[in-house]
Amino acid sequence: MSTLKLTNLSKRFGGVVASEDVNIEVPAGKIIGLIGPNGAGKTTIINMITGMLAVSGGEIHVGDIDITHAPAHEICRAGLARTFQNIRLLGEATVLENVMIGFHRHETSATLAAMLGLPSAGRETVEIKERAQVMLKEFDLQDFADYPATGLSYGHQRKVEMARAMAAEPNFVLLDEPIAGMNNVESDALAEVFQRLASAGKGVLLIEHNVRFVAKMCSYVYVLDGGRLISQGTPDHVLSDPAVISAYLGDQQYA
Amino acid sequence: MNNFIAGYLPLFDIYLIHLGLAFSQYIVLRAGVFSLATAAFAGIGAYTAGIFAVSLGLHPAIGLLAGTLTGMGAAIVLSIPLARLQGVYQAIATVAFIQICLSLNIYAEGLTGGAMGLNNIPKTIGTGTLFVFAALATYLIWAIERGRLGRAFNTIRQDEAVAASLGISITRHQMLAFAISGALAGLFGGLEAYHSYALDPNQFGFHLLITTLSYVILGGRNSVVGPLVGAAILIILPELARPLAENRMVIYGIMLIVVINYLPKGIADTAIDAVRARRLKNGGDGS
Amino acid sequence: MLVQQLLNGLVVSGVYALFSLGFTLVFGIQRILNLAHGAIFMTGAMVSYYVVKSGMPLWLGFILAIIASGLLSVLVEIICFRRLRKTGDEEFGGIISSIGAGLVIMTIAQQVSGTQVLRFPFETFPVVIFKFWGLRVSMLQFFMAGAAIVMVLLLGYYVYKTAFGRRIRAVTDNEAAAMLMGINPNFVYSQTYFIAGALAGAAGVLVGLAFNSITFLMGEPYLMFAFAIIILGGLGSIPGALLASLVFGMVQTLTIAYLPSGLTDTIIFSSLFLILLFRPHGILGKEDAGLLRGRR
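Chains as they are written, first to last, in my numbering: chain A, 2 to 256; chain B, 5 to 291; chain C, -8 to 287.
It should be emphasised that the hints constitute simulated quantities derived from the structure, not laboratory data.
There could be a bad hint or two in this list.
[Unchecked claim] Below are the DSS-like pairs computed for lysine-lysine, each with C-alpha atoms no more than 27 angstroms apart in a straight line: (1) A:K217 with A:K6; (2) B:K269 with C:K77; (3) A:K138 with B:K285; (4) A:K130 with B:K285; (5) A:K217 with A:K31; (6) A:K31 with A:K6; (7) B:K269 with A:K130; (8) B:K269 with B:K285; (9) A:K138 with A:K31.
Taking the hints into account, I'd like the entire structure generated from these sequences.
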């Protein structure tokens, strides 16, 4: 069982400090929350973890593996998957095709075989198709398999994105505002999915605005403001921390 | 009847050769690389094959292999700097590359015959051979489409960030797409050399760029059928009516404007999408 | 003699500047690489030729050429690009569409000119040569340089000092916001395309006079050259285009004068390639303009 560990992580854009000295630990099997007001730097953190943004200082480890400077496509192989704030599904592909791509990490056929359409590559495609369909079933999306992915409702698109991320069989999942724009019914359905991930032994880093949701799901919460951690602890502790309250609501007294 | 067919064979030959070039252009665009360099790779392959036959007297098979390899090699070399550029800049770089190749070709008179071109290439390739190669190229593209590479290319093209987050190496895949493109262009350039007695440097300039691009734009950039249809229409249509042939460039021009504005996916792809959508609708009603 | 070549180079740079400014202006506001720009340049030359051929004075031909090229440029914008901006496909689609427009314009010009090389009647522009300090400069060269300088200054004034210039910058920055402030973006764009076309047309007339050879294909080499110029100067940067025109104008003139022929093109395009390799945003372009987003 390993841990995703951010140590003294910093990011500077020229003179602007986007993140500074961020220390976060995501153990396997736990759901860890990362909250903070808009612009606090939450997505910056995820982008650094996934290699889309260069790290200015500090380190990121998955277990013993140092992924601080690993290129983006190798992060997946280190066992990390992420979802995007604005649901990036492939607009020209069907739902099934979108999930099939998630299995890329597991495809082992030789490049030449894939190019020439040799039977080994063909079998792999069939196998991936089946696994994708199984995945869709898990998320109750099997009826939509052949529909263009962007034609689905928002809630369903979210599920497709999750299915795609799960296809890579990650050990850690980074969720970037997964329930934004959903009503309680939809978000409760997703909550179940997240619980299943944790029970399966995956570490989940949940970035969310919805404080109630975070309080319900997470065993430990980190609070970011202006790029720095201003509080951390159990949900109860964090939500009654005056530093957190003033970060979210300003210094007004809130009845 | 025989005369009728024989009259159209040269046309079919042109179609087969240009089909290969269309596929070369197709595969790079598929992987999200905005490269227009197919004409240059074709020229490199053609002249290599031609020189192998004329100056070295080697068997056409060797010449073809050489052409394919040089085309592929040039593409791989080009892909390295191009990987760091995006969109428009990639396009400009590839156009610059075509110009460089063109002017080097004319300058290196001793090797290539310069502006006079390379002449007296023995014609060793006939329609049958062309057909075999064209069929192989079609199969190759189709196999790539259906498999792992096609899916990876597709993903990279539509959303690089997603591709990377799923473990797809963008540089490796784009370099591969380039290599395939260069190999195809080099091969079919070589076939052109062994099919037409002579080569002229201007054959492989802006004009070829436009025609190759047109096949893919008109036919479709998203399925194997696209280049097949696009090349067929653009090569055969002018033969159906004299006025069309005479005004070929105007028609190409208008076609490019109209298609990219109103039918951006190309004829074949739009049709395929429509069929698929109808099938979904009917399937939904049925179940 | 070196100074002579430098002078020649200056004049050449002036013409390149006129051509490239419009090219880079359009890219700067819409991220569209208008490959029909060469054909528009050629149209300017042709219009001036036919005006003069029909007996009217050169200055009238010059003015009509500028207006015609400007209008043609606007026409191209409306027919070829407007719809693409709505669907968001301008970068790729714009190139394709403009190639198409160029083909159409050139074919029409080919038909009209009967695929002949057109030459101005003798003495259309008075042939007067000034000799001083061992140098030879023709009146035409003075005129070309002068015209280029005047037009560039006018452009600079228009873009940087007037309300129109502010509107261009507003629309380029944020089209929706500009609309909310009462600016009509389409009108601004059309004006910009007109200016771009007019400058190119002017360049066309000057080149037509200088080489006294007008063909339907004359714009293409200039288009290729303009690629190199606007990349060196930075896509979308007006001062950059000016600077780069100077550099490339000089380089071309000097290499033609001192190096074996045929090497010029190779040098120019290899330079372009190298620039793209090491500094795609050119001298004055924005950092990261040419590089892929989200990469290290």
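message: Between the alpha carbons of K217 of chain A and K6 of chain A, is the straight-line distance 27 angstroms or under?
response: Satisfied, since the Cα-Cα distance of roughly 23 angstroms is no more than 27 angstroms.
message: Need the status of pair K130 of chain A, K285 of chain B: alpha-carbon distance at most 27 angstroms?
response: holds, 22 angstroms
message: Need the status of pair K269 of chain B, K77 of chain C: alpha-carbon distance at most 27 angstroms?
response: The hint holds at about 16 angstroms.
- request: Could you grab the alpha-carbon distance between K269 of chain B and K130 of chain A and see if it respects the 27 angstroms cut-off?
  value: Holds, at roughly 26 angstroms.
query: Given the proposed pairing of K269 of chain B with K285 of chain B, does the C-alpha separation stay at or below 27 angstroms?
result: Holds, at about 21 angstroms.
message: Check whether the Cα positions of K31 of chain A and K6 of chain A lie no farther apart than 27 angstroms.
response: holds, 13 angstroms
- prompt: Regarding the pair K138 of chain A and K31 of chain A, is the alpha-carbon distance no greater than 27 angstroms?
  reply: Holds, at roughly 25 angstroms.
field: Restraint status (C-alpha distance of K138 of chain A to K285 of chain B at most 27 angstroms)
entry: Holds, because 21 angstroms separates the two Cα atoms, which is no more than 27 angstroms.
message: Against the 27 angstroms threshold, does the CA-CA distance of K217 of chain A and K31 of chain A hold or violate the hint?
response: holds, 13 angstroms
The structure shown violates none of the earlier numbered hints.
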